[in-house]
Amino acid sequence: MKNVTLRQLRAFLAASRHLNFGKAAQELDLTTQAISIQIRELESQVGLALFERRGHGKSLRLTATGQYFLVYAQKIFSTLREAKGAISKFREVDAGHLTVGLVRTTKYIVPLLLAKFQEAHPQVSAQLVQGNGEQLLQQLQAGEIDLAIVSRPLHQIAAHMQAFADYPLGFVAAPDHPMQEFAFVPREALAQFRYIVREPGSVTRAAFDAYLHQHRIHLPNILELPTNETIKQAAMAGLGVGFLSLHTAGLELHSGLLCAPQVEGLPLTRQWSIARSPTRQMSPAAEHFHHFILEQGNVLLTAHFQALAPGHTRGVTAPLH
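Numbering (the working numbering), first residue to last: 1 to 321.
Treat the hints loosely; a few may be bogus.
Label-pair restraints from in silico Cβ distances [to be verified]:
hint : residue 1 : residue 2 : range
1    : G22       : G256      : 34 to 40 Å
2    : E41       : A307      : 48 to 54 Å
3    : A64       : Q123      : 24 to 30 Å
4    : Q233      : N132      : 17 to 23 Å
5    : L219      : V46       : 35 to 41 Å
6    : F182      : P226      : 42 to 48 Å
7    : L112      : A191      : 35 to 41 Å
8    : A189      : Q281      : 52 to 58 Å
9    : H291      : V46       : 38 to 44 Å
Computed list of lysine to aspartate or glutamate pairs in DMTMM-like fashion (alpha-carbon distance at most 25 Å, straight line) [unchecked claim]:
hint : residue 1 : residue 2
10   : K23       : E287
11   : K75       : D29
12   : K107      : E43
13   : K2        : E43
14   : K75       : D209
15   : K107      : E224
16   : K84       : E52
17   : K107      : D209
18   : K84       : E287
Worth flagging that the hints you see were computed from the coordinates, not collected in a lab.
Idealized CB from N, CA, C, for every residue including glycine.
Let the sequences and hints guide you as you build the complete structure.
Have a look at this one:
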């Protein structure tokens with residue numbers, strides 16, 4: 001296996017995470033064919049199949065050899081990252097590199113925080129990697145990302161979590177939606193409207209269901225959609241009242257495309273958290289970013305969303321206590 005390349009190993013790791021060449025290609029910004037070629041060349045070097053393929057690579061499963069090889073591929077990248085971090089100690093932090101994982105919801109706040117960090121450290125290069133909580137946890141464990149910013153706790157044993165800011169969850173609706181006729185919406189009035197929510201299993205849906213259970217509310221007309229963006233578009237189109245993190249709708253609320261009705265028991269408050277590996281040493285750049293988020297993240301986000309908030313949404317961004 002003397003001709004195995006890092007590019008092949010990256011393709012293998014991505015494919016092993018997604019078990020799908022197409023999704024692995026999206027993660028690495030390559031074509032599906034390029035991923036397939038890299039895997040085929042790697043299998044040629046290994047001399048054994050690493051994946052069982054179904055449906056022209058659309059569905060994959062690691063072979064026993066692949067599972068065994070995965071452990072060593074992760075160790076290779078982990079060792080490289082540790083070496084990079086150790087070497088970077090001999091340089092100024094402004095010459096380092098930072099890899100941050102984010103979930104769908106935190107993509108609305110991480111670019112802002114990273115931009116503020118890079119104002120002070122302009123020479124730090126950065127990469128953002130999007131995935132779900134389990135994927136980010138695996139990447140933290142494997143040393144493929146330095147930190148993750150998430151909206152729900154990862155497994156505490158496998159990741160060290162610290163909350164750094166609150167975020168509000170509530171209803172959004174088009175300006176001409178009938179709910180806007182209420183100055184304040186009591187819970188008894190909620191059943192007359194249609195609601196647009198995330199799918200079961202999401203943080204937002206769990207909060208929505210908890211709100212209904214706490215207030216003993218039954219809503220007969222619910223539409224499930226897979227992303228915050230589709231919920232916002234559906235709400236703007238008048239399809240119903242959306243429920244989401246109000247941070248994800250900051251621009252739409254500011255521009256008047258959406259409004260945040262005042263509803264009994266809302267907004268709910270949840271927390272953004274930053275996660276790091278409890279066992280791996282971070283690079284100086286990652287250490288500085290971690291400290292920056294904990295020290296300034298809440299202040300920056302509060303100021304940003306208060307600046308966006310029109311009169312009818314003021315007060316939805318509470319400071320972290």
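Exercise. Any hints this thing doesn't respect? Which numbers, in order?
Worked result: 3, 5, 6, 10, 12, 14 and 16
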